[in-house]
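My request is simple: use the sequences and hints to build the entire structure.
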Amino acid sequence: MLELKNISHYYRNQSRNTEISVFENFNLLIGEGEIVSLVGKSGCGKTTLVNIIAGYTEPTSGSVFMNGEKVVAPGKDRIVINQIHDLFDWMTVYQNMRLVSNDDNDINKYLSMTRLSEFADAYPYELSGGMKKRLSLARALVVDPKFIIMDEPFNSLDYQLREKFQEELLDIVRKSKKTILFVTHDIEEAVFLSDKVIILSGRPTQIKKEIVISFSKNKVDSIRDTEDFIFLKKKIKEEM
Amino acid sequence: MQNILKKLIVLVVILFLWQLLSSSIHTIIPSPIEVFTALYNLSVQGDIFIHIFASLKRVVVGFLIATFLGVGLALITGYYKKIDVFLKPLVEFLRPIPPIAWIPIAILIFGLGDMSAYFIVFIGAFFPIFTNSFFGVSSLPVIYENIAHSFEIKNFIFVKDILFKFSLPYIFTGLKIGIGMAWMSVIAAELIGAQSGLGYFIQLNRLLLRTDNVIAGMILIGFIGYMLSLLLLTVEKIIIPWSIKK
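First to last, the sequence lines map onto chains A and B. Residue 3 in full-length UniProt numbering sits at position 3 of the first sequence; the count goes up by one each step and never skips. Residue 96 in full-length UniProt numbering sits at position 96 of the second sequence; the count goes up by one each step and never skips.
To be clear, the hints were calculated from the coordinates, so they are not data collected in a lab. Treat the hints with caution; some may be incorrect.
[To be verified] Among the chain B residues that face chain A by a calculated CB cut under 7 angstroms, a handful are:
1) L94
2) S150
3) E152
[Said to hold, decoys possible] Listed next, with one range per pair, are the computed distances between beta-carbon atoms:
4) A/A122 with B/V44: 51 to 59 angstroms
5) A/D103 with B/I50: 51 to 59 angstroms
6) B/K82 with A/G68: 35 to 43 angstroms
7) B/H149 with A/Y10: 43 to 51 angstroms
8) A/D89 with B/I83: 24 to 32 angstroms
The C-beta atom is built at its ideal place from N, Cα and C for all residues, glycine as well.
This is the structure we're talking about:
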């Protein structure tokens, strides 16, 4: 379980000598095994929130708790899959995995799960955009984190590849049974992937609304055309 | 094929102009045939190889020390960013001083011989290697540091497998500039303070008014310098294929 308690965070604007408040007593609770999407307009502090949860940025005040333990630094229990390229270009697919795990059985298991076994000796520049994302996911899963944070991971993919990878991701996530925080500005993506969509307001950021997605866990691409799906998309759009 | 033809045309033009120049001031500039004959004679006699070996040995020793210290110091400075504040001004102060300006000091400290030459080669190669390596190390994207923290990668592994390997393309740029500087520096050092080497060979033949040998020596310097660059380029392609192919 991940809990954010009374998080406040400020940036100092040096040129104007003012403080910009990004969060003001922000609270969030994500239960074990949940897939939660955070949606909000650009600049509402989604990436700052990712950095605070990951432990890269210390909030001005407030705390993050992971299963009751206070988060003080980045760690293997919370892995971020970034929107920008985050693979080590000088290492092959296998070496990227080997850097973070010594267990060859686990490495092979997750390479197989993400359909990358055949490309174990390839360098990242030899992989397609989707394969690179699958490798980032395999690298995250191999260290068995409790929590995976995905910061707009499909941004660099084109529309068709994006839909395909969303389905693949759902399939992998179901198999791995991980808790996922998914950060996106794409409403359709959020509805398709999540159990719950959290809509963020403008600065200082607060939770505007939480919407529970009640579709079956075994989502298929065809649900995108159903009335319920379209209705939810519209509702979230209106809230934003 | 077209490239080879172009290179051949350039070579023929150079030889023609050289012959033309030699015909007008023959007392100073020997003809291409005289120089190539000198080159042939030198290689048959074998003495020239002693000089080539002496120069190469000095370059290799000085260049290896410069590589070890330049890359090592860049990694330390990049990792412990606080050292940068002290080290960078010192490097920036010493960097513009040409290697040749160090020769009198080197002779005073180390005397005439190999030690002075090693030192001059080291000075010539160190700064391009250090500055390029440092640039590489300090260009490491924050995202890689974050990933290393998240996956709890140990400091030694971080330096060895992430910081160093990310910086390799920059390090190789420094090495390629450094080897050229090392080769130029050793010739300069041998012109003044050595009893062997290609620089010494040229100086000796100048005093003997054997300009054919002087130019033969110059051709050898150019050829070996070019070979050293090609060697490094080949090593680069083998060691960092991801950088070349990306």
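What are the numbers of the hints the structure violates, in ascending order? Hint check: 1 and 7 fail, others pass.
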